[in-house]
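Asks: The residues making up each chain are set out below.
Protein chains: 2
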Amino acid sequence: MTETTTLAELALRRPSRADARRNYDSLIGAARNSFAELGTEAPLEEIARRADVGIATLYRNFPTREALIESVYLEEVLAVCNAAGEVAHLEPWEALLAWLRRVVTYVGAKRVLVEGLNRDSNTFKACRLGLYEAGAPLLERAQAAKLVRPDVAIDDVIRLVAGIAGIGSTTEEQRDRILAIALDGLKRAA
Amino acid sequence: MTETTTLAELALRRPSRADARRNYDSLIGAARNSFAELGTEAPLEEIARRADVGIATLYRNFPTREALIESVYLEEVLAVCNAAGEVAHLEPWEALLAWLRRVVTYVGAKRVLVEGLNRDSNTFKACRLGLYEAGAPLLERAQAAKLVRPDVAIDDVIRLVAGIAGIGSTTEEQRDRILAIALDGLKRAA
DNA sequence: CATATAAGTGGAGGGTTCCTCCGTTTAGCG
DNA sequence: CGCTAAACGGAGGAACCCTCCACTTATATG
Chain R
1 MTETTTLAEL ALRRPSRADA RRNYDSLIGA ARNSFAELGT EAPLEEIARR ADVGIATLYR
61 NFPTREALIE SVYLEEVLAV CNAAGEVAHL EPWEALLAWL RRVVTYVGAK RVLVEGLNRD
121 SNTFKACRLG LYEAGAPLLE RAQAAKLVRP DVAIDDVIRL VAGIAGIGST TEEQRDRILA
181 IALDGLKRAA
Chain Y
1 MTETTTLAEL ALRRPSRADA RRNYDSLIGA ARNSFAELGT EAPLEEIARR ADVGIATLYR
61 NFPTREALIE SVYLEEVLAV CNAAGEVAHL EPWEALLAWL RRVVTYVGAK RVLVEGLNRD
121 SNTFKACRLG LYEAGAPLLE RAQAAKLVRP DVAIDDVIRL VAGIAGIGST TEEQRDRILA
181 IALDGLKRAA
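Sequence lines, in order, name chains R and Y. Take the first sequence: its letters are residues 1 to 190, numbered as in the UniProt record's numbering. Take the second sequence: its letters are residues 1 to 190, numbered as in the UniProt record's numbering.
Keep in mind the hints are simulated off the structure, nothing from the lab.
Same chains, same label: a pair holds when it works inside one copy or across any pair of copies.
Once the Cα atoms are required to be at most 30 Å apart in a straight line, the calculated DSSO-like pairs of lysine-lysine come out as:
1. K125 to K187
2. K187 to K146
3. K110 to K125
From a predicted model like this one, the values you see are computed outputs, not experimental measurements.
Modelling step: build the complete structure from the supplied sequences, incorporating the hints.
Replies: The structure is reproduced here in structure tokens:
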């Protein structure tokens, strides 16, 4: 389970001492707000200030800005992975569709974060793998039911969907229309 | 013609005095190199230095970093627009396909620039309109030949393709495969 | 409980980049 | 040739980055 690895990584990086852990959590919270409000270029000193923590504490927990962005990002990804379980009761195609829409919503909202982080980092890779593992059963089920062309893999699908979700300056409605086009391509027999 | 508007805008912003125009061009060149080499966060003072120009001159021509990025970006977009004319001699579907591949190549290569610029800026909007105008005839021709579903507009298509092109950390090969899926959705009858 | 100690903390400060202001220079016109 | 408006360069204050180190505190142990 890659989620386990990911979760373990997060847990491992969380300090063991009580006061340190409190500061760590406070920093993550302050960072989430600051990034949402000011973008990923938000001054780190501002984040430390909001977290009521010295700047050095921020740097000790998150040596680089990217490390901080990643940690905020990680939580969001886990939520999407969990959503895969929540749609399991639906029909194969509906389940896949519902989850992919969830991915779109999520990536759309968090694009700011995604753009700010290093795509080659371990955490980012782990997140991607986590998404693959969460989505793979849904895809395979739909393929087994002959509803989705058999020549695509889950990473193709997620990248396709995530790419569309990441399109800027568009309406909810247009995004849905574009997504529908792409998903039509998915349904088509090979 | 939106390209004309765009071009006119660029021309308008170009200084009229000979020495000023020389500096302006030198700055654009230096910026292109610096962005390619150091990313869009390249120090503006470094760009000014490379252009052999005072920092104030840079700021006078481009009040913000974004304005500078936009100006570099503009040139690239014009090249893609022109490419639409170069494929006109092909069969309808082939022409559309060829041009969309060109868009993908271009967006992929210049993602660094695209990410650095403000998607709500006038210049960016003008570029988008320019791309629409360049691509629309190709799409319409393919639709008239019943090769593309009639319920899509050029902005849908370009956003779809551009979204895929912007996907990070992937191979050329996977990108092509994903693009093929999406374009299959395009071909399908409504 | 006392206390040793390892872990954690805050903020001063040196370095870099940003961006404005203003005194000086120069292109282009009459 | 000389005038003037346009353009120029760079000094310098402010914001931010990140490291270093002297001080504080949680927790394990006797």
